[in-house]
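K.L.:
These are the residues of each chain, in order.
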Amino acid sequence: MTTLIEQRDAVNKWLERYGVRFGVYKGGVFHEQLFPFDPIPRVIKRSEWNHIEKGLIQRVKALNLFLSDIYSGKQIVADGVIPEEFIYSSKGYLPQCENITPSKGIYTHICGIDLVQARDGSWIILEDNLRIPSGASYPIIARTITRKVSPHTFEHNHIEENRGYIDLLRKTMDYANVNGGLAVILTPGRYNSAFFEHSFLAEKTGATLVFPGDLTVENEKVYYNGLFNTRQKVGVIYRRVSDEFLDPMAFDKSSLLGIPNVMQAYAKGNVALMNAPGNGIADDKGLCYFVPKMIEYYLHETPLLQNAPTYLPYYPDDRKYVLENIRKLVIKDVSEAGGYGVMFGRDMDEEHLANIKHLIETEPRRWIAQEVIDFIDLEVLEGSGTVLRKADLRAFVLCADEIRVWHSGLTRFAREPDSFVVNSSQGGGFKDTWVEKN
Amino acid sequence: MDKLVEYHYLTKVVFSEKVHSHSFLLRCTPSENEYQKIESVSSRIAPAGEVFRASDCFGNTVYYGMAGEPHDSFEFGSSGTVRLSGLYALKEPLAGIFLYPSAFTAPDSGIAALLSSVRFSASETVSEKVLKLCSALFSRMEYAPNSTTIETTAAEALRAGRGVCQDYSHALISLCRLSGIAARYVAGFIEGEGCTHAWVEYYDKDCWRAADPTHNRLIETGYIKLSHGRDFDDCSIERGVFSGAAKQRLEISLQVQEKSAGVSLQKS
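Quick mapping for you: the protein sequence lines, in order, are chains A and B.
Under my numbering, the first residue of the first sequence is numbered 577, with each subsequent residue one higher.
Under my numbering, the first residue of the second sequence is numbered 33, with each subsequent residue one higher.
No wet-lab data here; the hints were simulated from the structure.
Treat the numbers as computed from the prediction; the structure is a model and nothing was measured.
Take the hints with a grain of salt, since some may be wrong.
From chain A, some residues computed to sit far from chain B (all C-beta separations above 10 Å) [unchecked claim]:
(1) 675
(2) 734
(3) 739
(4) 743
(5) 775
(6) 856
(7) 904
(8) 921
(9) 933
(10) 952
(11) 958
(12) 980
(13) 993
Among chain B residues calculated to face chain A with C-beta under 10 Å, some are [unchecked claim]:
(14) 55
(15) 56
(16) 77
(17) 78
(18) 81
(19) 82
(20) 84
(21) 88
(22) 128
(23) 132
(24) 239
(25) 268
(26) 272
Built from N, CA and C at the ideal position, the CB exists for glycine as well.
Input sequences plus hints: build the corresponding full structure.
P.N.:
Now the structure itself:
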């Protein structure tokens, strides 16, 4: 471990040489920044991991069943478990996906579930990312480089290999593939915040990295138009283009990032899209409250992992509680993502508080409130010593013939001492995540 | 009292330079329902490769495909004869989605203020309420072609106090949904107009009835429906994406005439 720490600068230098970057838009201007790596790994004990793993599989299973239900019979709404307003007024619900059954019934191919560990040791779900969660590539690369600069580290520590992600991903793509056609990764392009990851994953999985314009739909099938007029039928698209831009015929008509009429080919079952369009309804912040209820409803099981205690101002009792206790709560705008629209009651001045309270009263559906989880700090190297920083864990869950959890994950930490916001788009750093071997 | 109506609709997109790899998706044929029966219809799409037909998520018929070869114009439309019943009422179960705001119909304080200026009485029917909303809107909006764009929302149009049928419809939908009446956007044709029209269907007890906010009236018959959705965006008559740096110009022609009367009501 000491050698590892001594090699921090060497690792970060390698990361820079590899071009491990994260794009950030600030004030409308695109900056590319390095994603700072901290060499002290987060270590998770095997017994603890087994519990997390079971809980995540249970959760993803329920979320997939929910999506399948919502885009067909909506039994969970008919049975009064979730009010219809939460479905129809969510930006994540896409009627264009109604009655489309994706390949093998899988919606949630790659899930990034964000958890934190509370001071009592329990793991708590912060949010589900079921659209295009990013970040898996960083720990893989960091570990590869660490191996290079400190080869002995992994001889002495018996931890799970993390290169297996690539196989998991490829297996997931192959399982979803509808016709044995070409497997492609569709990137919005060079200026996307996760472009580095798109090219990395394509290279490692052997999938073809494609750009908008490379794919066309003809005769209800998707083709890749390669160099020298080659044309290949596409069987699965791991798309890193968001739903709204995916098909200008079905969604945002001004999109130049999409594949015109791909939704028709998808509805016909001629191509697999991963993740499935329309998943935004299941990871909508306003729906997070209902995930434990989904687990009970679809699986008849007790949730193994808990959400942060969440209140929906939509319900009058919750609204009253939120308005009275706003100082100790965190308030989230359900229409925002990536750490935006997150406000801590204790940090707001009187004017800001009054403003938010007014918004909660006039637009209750737009907000959720959560108890602030006092999650544990992790040691982060700074200068010659260490400091304590808040950190979370993005666990990756992949769905193929069965649901598997990657035995690693992305541990992100906040840059500032008092910050609870760890999103990379907000300037945080990352650590490797070591899962103890069986 | 049925009405037999014949129509001819054609749009020609003229490109300033040749384009190719032109993907398209069209909603340009009348829907079939208990109010309107299609006696005959033929669609025209040219140039086109193989054209496919499907239903979208709201049940509208769509035609889609790709015109791959270079072309400098693209034509689409349909002609046919439609039998309209005397009563525009479509018996369907209520789909909850039409109760909630959509991108173009999200209310703002201006729409809420207009709604609160309308006094409803307990004994009023849904149709009477919708007509009141139409009138309130009509007194606040002026019909002004080219004053808005296809991106204008209900809130923006009401604030400007001007618009076309699309804006009137979005505003009425917003008012209806805000007052708890399910409402949806309809694209179609009417006698006496040279281009496509838009109006609103609202849910009353067990069926969809219709109102035309641009003309400040409830609809009984005479309107040919193409498609419906949450708002304009769901009912695009044409969407297209092509390769080529061309400017486009539209030529639209529409004739609607009652067959029995045999009088052409409008040409353009």
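K.L.:
Over 10 Å from every CB of chain B: does residue 980/A meet that, or does the non-interface label fail?
P.N.:
32 Å, holds
K.L.:
Against chain B, does residue 743/A hold up as non-interface, every C-beta pair farther apart than 10 Å?
P.N.:
Holds, since 36 Å exceeds 10 Å.
K.L.:
Verify the interface restraint on residue 128/B: the C-beta must sit less than 10 Å from at least one C-beta of chain A.
P.N.:
Interface hint status for residue 128/B: holds (4 Å vs cutoff 10 Å).
K.L.:
Next item in the hint list is residue 81/B. Is there a CB on chain A closer than 10 Å to its CB?
P.N.:
7 Å, holds
K.L.:
Would you say residue 958/A is clear of chain B, with no C-beta pair closer than or equal to 10 Å?
P.N.:
46 Å, holds
K.L.:
Holds or violated: is there a CB of chain A closer than 10 Å to the CB of residue 82/B?
P.N.:
OK, holds: residue 82/B within 10 Å of chain A, min 6 Å.
K.L.:
Beyond 10 Å on every Cβ pair: is that true for residue 933/A relative to chain B?
P.N.:
18 Å, holds
K.L.:
Against chain B, does residue 775/A hold up as non-interface, every C-beta pair farther apart than 10 Å?
P.N.:
25 Å, holds
K.L.:
Is the claim that residue 734/A lies outside the interface with chain B correct, judged by CB distances over 10 Å?
P.N.:
52 Å, holds
K.L.:
Quick check on residue 78/B please, does its C-beta sit within 10 Å of some C-beta on chain A?
P.N.:
18 Å, violated
K.L.:
Against chain B, does residue 993/A hold up as non-interface, every C-beta pair farther apart than 10 Å?
P.N.:
Holds: least Cβ distance 40 Å, greater than 10 Å.
K.L.:
Is the Cβ of residue 675/A farther than 10 Å from every Cβ of chain B?
P.N.:
At about 7 Å from chain B, residue 675/A fails to clear the 10 Å cut-off, so the statement is violated.
The structure fails hints 1, 16, 17, 24 (numbered hints given earlier, in ascending order).
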